[in-house]
Amino acid sequence: MENINDIIAGVQTPPTTFEEYLNCYADKVGDLVNEFIPRGSHADMDRYLYDPLLEYSRNGGKRHRPLICFAACQAVGGDMRRATSAAAAIEHFHTAALIHDDIADEAELRRGEPCLHLTEGTGLAINMGDLALSLVNGTVMHDPELDDATKVRVVTELINMTRRTIEGQALDIGWARDGRYDITPEDYLTMATHKTAHYSGAVPLAIGAILGGGTEAQVEALRNYGLDTGLAFQIQDDLLNLVGSEESTKKGFRDDITEGKRTLVVVHALQNSPRRDRLVEILSSKEKDPAVLAEAVEIMEESGSIDYARAYAENLTSIAKNRLTDMVDPSPARDLLVSMADWFVSRLK
1 MENINDIIAG VQTPPTTFEE YLNCYADKVG DLVNEFIPRG SHADMDRYLY DPLLEYSRNG
61 GKRHRPLICF AACQAVGGDM RRATSAAAAI EHFHTAALIH DDIADEAELR RGEPCLHLTE
121 GTGLAINMGD LALSLVNGTV MHDPELDDAT KVRVVTELIN MTRRTIEGQA LDIGWARDGR
181 YDITPEDYLT MATHKTAHYS GAVPLAIGAI LGGGTEAQVE ALRNYGLDTG LAFQIQDDLL
241 NLVGSEESTK KGFRDDITEG KRTLVVVHAL QNSPRRDRLV EILSSKEKDP AVLAEAVEIM
301 EESGSIDYAR AYAENLTSIA KNRLTDMVDP SPARDLLVSM ADWFVSRLK
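Residue 190 in this note's numbering is what sits at position 190 of the sequence shown, and the numbering runs on without skipping anything.
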């Protein structure tokens, strides 16, 4: 198996922006991650479990979570090979979260393809998500390159990350189930920080710094950077679902409205729109009519809620970049992580 150092060194012109970094290494890092998906002891285990999970993981998007784990390791002067199992573990957690999330949301598309529960059935899809979860801690614990104390520290990070993500998901699903329209922007920020920011930013960066031998100050600086930028990432994700394009999202366009999601845009509009009652009616109806979904977006635009959410995300990343440059020494890896903040709030998919 090609190691991460060879993958990085194999590029003649190193990327200078985060988007270039993702485009340059995503496919090979995806192959690296997928090497940790095992095979079954019976052919039907492969048919009903390992093969569909592997195929799902191969359609894996930008791989930003393992790549920022590697970048954080490099930014503190570490050997990226030590972060390989943890980077893979975080990506497998992401896979599990998506599979289970799509079942809970009754979603139809993921990355431009039918959701796993539609192609393989709900029971098998749940089982595949469970397998991906089992790979999270197991991948690190079976890493011969790490000493026991390091394994315990990394797995503790992963356990806490898992709990926080599940807590955020509970709020997200529970608010929609119970028809809660008293949610404030502060409530949303708590939910999104737990559901997304820890596993999409904070923990990959903190673990990368831990495995790279960073100081406690560097680990916490990168963790805090990940919390702020990970939250901005989720806000941008919410915006893309509303005002991106169906082609760019590769997910059900505006299905956050159909699912009644309490995004930052929505909760701001519920507090500020004179057409609040109509917005509540649409959010409660599981509406799929494109014209009605467009009407909901119009209400959010009129109330300034889309501009509010965009400005909030941009302010988060601006402050976060300044804090990171104060705490982590200059290097190409740090420059990539600074560029990450801009990509999180400007990406189109």
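Simulated from the structure, these hints should not be mistaken for laboratory data.
Please note: incorrect hints may appear among the correct ones.
[To be verified] Pairs of lysine-lysine, DSBU-like flavour, derived with a Cα cap of 30 Å:
{"id": "1", "residue 1": "62", "residue 2": "288"}
{"id": "2", "residue 1": "151", "residue 2": "28"}
{"id": "3", "residue 1": "151", "residue 2": "286"}
{"id": "4", "residue 1": "286", "residue 2": "28"}
{"id": "5", "residue 1": "28", "residue 2": "288"}
{"id": "6", "residue 1": "288", "residue 2": "321"}
The structure presented is a predicted model; accordingly, all values stated were derived computationally and were not measured.
Holds or violated: residue 28 to residue 288, with C-alpha atoms at most 30 Å apart: Violated: residue 28 and residue 288 sit about 38 Å apart, past 30 Å.
Agreement of residue 151 and residue 28 with the hint, judged by alpha carbon distance not exceeding 30 Å: Holds, at about 25 Å.
Restraint check for residue 151 with residue 286, where alpha carbons must lie at most 30 Å apart: violated, 45 Å
Given pair status - residue 321, residue 288, alpha carbons within 30 Å: violated, 39 Å
Satisfaction of hint between residue 288 and residue 62, Cα-Cα up to 30 Å: Since the Cα atoms of residue 62 and residue 288 sit roughly 28 Å apart, the hinted pair holds (cutoff 30 Å).
Straight-line alpha-carbon gap residue 286 to residue 28, limit 30 Å: violated, 39 Å
Going through the hint list in order, the structure does not satisfy hints 3, 4, 5, 6.
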